[in-house]
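Number of protein chains: 4
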Amino acid sequence: MGIHATFKVIPLGVGPSISKYVAEAVRVLREMGYKPVVGPADTSVEVGSLEEIGRILRRIHDTLTAMGAPRIITIITVDDRRDKDTPLEYKAEKVESLLSLKPL
Amino acid sequence: MGIHATFKVIPLGVGPSISKYVAEAVRVLREMGYKPVVGPADTSVEVGSLEEIGRILRRIHDTLTAMGAPRIITIITVDDRRDKDTPLEYKAEKVESLLSLKPL
Amino acid sequence: MGIHATFKVIPLGVGPSISKYVAEAVRVLREMGYKPVVGPADTSVEVGSLEEIGRILRRIHDTLTAMGAPRIITIITVDDRRDKDTPLEYKAEKVESLLSLKPL
Amino acid sequence: MGIHATFKVIPLGVGPSISKYVAEAVRVLREMGYKPVVGPADTSVEVGSLEEIGRILRRIHDTLTAMGAPRIITIITVDDRRDKDTPLEYKAEKVESLLSLKPL
Numbered sequence: 465m466g467i468h469a470t471f472k473v474i475p476l477g478v479g480p481s482i483s484k485y486v487a488e489a490v491r492v493l494r495e496m497g498y499k500p501v502v503g504p505a506d507t508s509v510e511v512g513s514l515e516e517i518g519r520i521l522r523r524i525h526d527t528l529t530a531m532g533a534p535r536i537i538t539i540i541t542v543d544d545r546r547d548k549d550t551p552l553e554y555k556a557e558k559v560e561s562l563l564s565l566k567p568l
Numbered sequence: 465m466g467i468h469a470t471f472k473v474i475p476l477g478v479g480p481s482i483s484k485y486v487a488e489a490v491r492v493l494r495e496m497g498y499k500p501v502v503g504p505a506d507t508s509v510e511v512g513s514l515e516e517i518g519r520i521l522r523r524i525h526d527t528l529t530a531m532g533a534p535r536i537i538t539i540i541t542v543d544d545r546r547d548k549d550t551p552l553e554y555k556a557e558k559v560e561s562l563l564s565l566k567p568l
Numbered sequence: 465m466g467i468h469a470t471f472k473v474i475p476l477g478v479g480p481s482i483s484k485y486v487a488e489a490v491r492v493l494r495e496m497g498y499k500p501v502v503g504p505a506d507t508s509v510e511v512g513s514l515e516e517i518g519r520i521l522r523r524i525h526d527t528l529t530a531m532g533a534p535r536i537i538t539i540i541t542v543d544d545r546r547d548k549d550t551p552l553e554y555k556a557e558k559v560e561s562l563l564s565l566k567p568l
Numbered sequence: 465m466g467i468h469a470t471f472k473v474i475p476l477g478v479g480p481s482i483s484k485y486v487a488e489a490v491r492v493l494r495e496m497g498y499k500p501v502v503g504p505a506d507t508s509v510e511v512g513s514l515e516e517i518g519r520i521l522r523r524i525h526d527t528l529t530a531m532g533a534p535r536i537i538t539i540i541t542v543d544d545r546r547d548k549d550t551p552l553e554y555k556a557e558k559v560e561s562l563l564s565l566k567p568l
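Residue numbers (the numbering used here), protein chains in the order written: chain A, 465 to 568; chain B, 465 to 568; chain C, 465 to 568; chain D, 465 to 568.
Be aware that a few hints might be false.
Identical chains share a label here; the pair holds if one copy fits it or two copies do between them.
What the hints assert, rightly or not - DSS-like cross-link-like pairs, simulated, lysine-lysine; straight-line CA separation at most 27 Å:
(1) K548 with K558
(2) K548 with K484
(3) K555 with K499
(4) K558 with K484
(5) K548 with K499
(6) K499 with K558
Simulated from the structure, these hints should not be mistaken for laboratory data. Keep in mind it's a predicted model, so treat the numbers as computed, not measured.
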């Protein structure tokens, strides 16, 4: 309940263009049943437990290794809030709505 | 040219709900003339130089300090690519287009 | 093998001083049998599998929740290198040795 | 003032081994007069102002670009605390001392 995980996957040793690897990571997330929100710098999902994050990492890294990446650096941001349930999609909306209340 | 900076602002000492601080950080970015892309976990902008990142940090942290935050942890991801110019908005689109070429 | 995981644990809603929470996270890592390298900004361990990262997160977050943190943001950097085995302790040493070869 | 900045520099397009680039980044920090604390995953310094972070990024990225890196992703963690002055070296010590008070 209410755990958001954001993944930034950086394969090394495959050249400077990494979007096809990022796309495969997003595909893995979809195949696992998540609804990834893809942004310019990373991809967020809502997970049911912290253990799932380990399983997601395993699936993504195995996939990228099979594609030829000898080294993968992944940065994950976990937001685990237990006092309140905020859906993932609501977070950016909340910020936008706070901004519109007090416009520039 | 082509420098993307992604900001995750975490004020400490202001309770567990931080969206109003995040909204102010986004407002600062807009006031400075940037076009922030707000996601569930962070906010991205395209900047003209690496020095601008220092100036953005200064403006955001001063604003959040004035709002009462005694401590601010900000995580910035800088993506500085000099061999190719990719607009910020294009990154998520590129991933989506790679995914649609080879659907689930 | 050779998976390095670096944890930066940020409890929200507990005031601006978080070192006792960070210390408990390090204690959890030790209790689980890891040898944490504690730095000024984060703590690194060598893990045997990516799934372990999910189990570590679970143990740390449950401990910090029990201590009273209503929300926990954890940033994890995973470095998964499969072409070469570099012990965790060797990484900073390698950088230092490269620096000493070509001093200031 | 108590601003701590932690840099993780990841050059892309130069193969899976990046320690010589990391070493150059540390050298730049030393040349600029900082006292970098090198860890297994990143390097921390104490800075006098947030603007310095932009200037550091510029120097490091220009150096790594000159070494041949076509793309550089840098993750910076800024810890800006204004209610209390904690020296960088003291942070890991504080955690260790809290751990020793209540041993395993």
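Against the structure, the hints come out as follows:
In the homo-oligomer, the alpha carbons of K548 and K558 lie at most 27 Å apart inside one protomer (14 Å), although the nearest pairing across protomers, at 32 Å, exceeds that limit. In this assembly of identical chains, K548 and K484 lie within 27 Å of each other by CA distance solely across copies; the values are 16 Å between and 36 Å within a copy. In this assembly of identical chains, K555 and K499 lie within 27 Å of each other by CA distance both inside one copy and across copies; the values are 15 Å within and 18 Å between. Taking the shortest alpha-carbon separations for K558 and K484, only the inter-copy value of 9 Å comes in at or below 27 Å, while the best intra-copy value is 31 Å.
Taking CA atoms no more than 27 Å apart as the test, K548 paired with K499 passes inside one copy only; the shortest distance there is 21 Å, against 30 Å between copies. For a Cα distance limit of 27 Å, the shortest separation of K499 from K558 qualifies both inside one copy, at 19 Å, and across copies, at 18 Å.
Every hint, counting from the list given before, is met by this structure.
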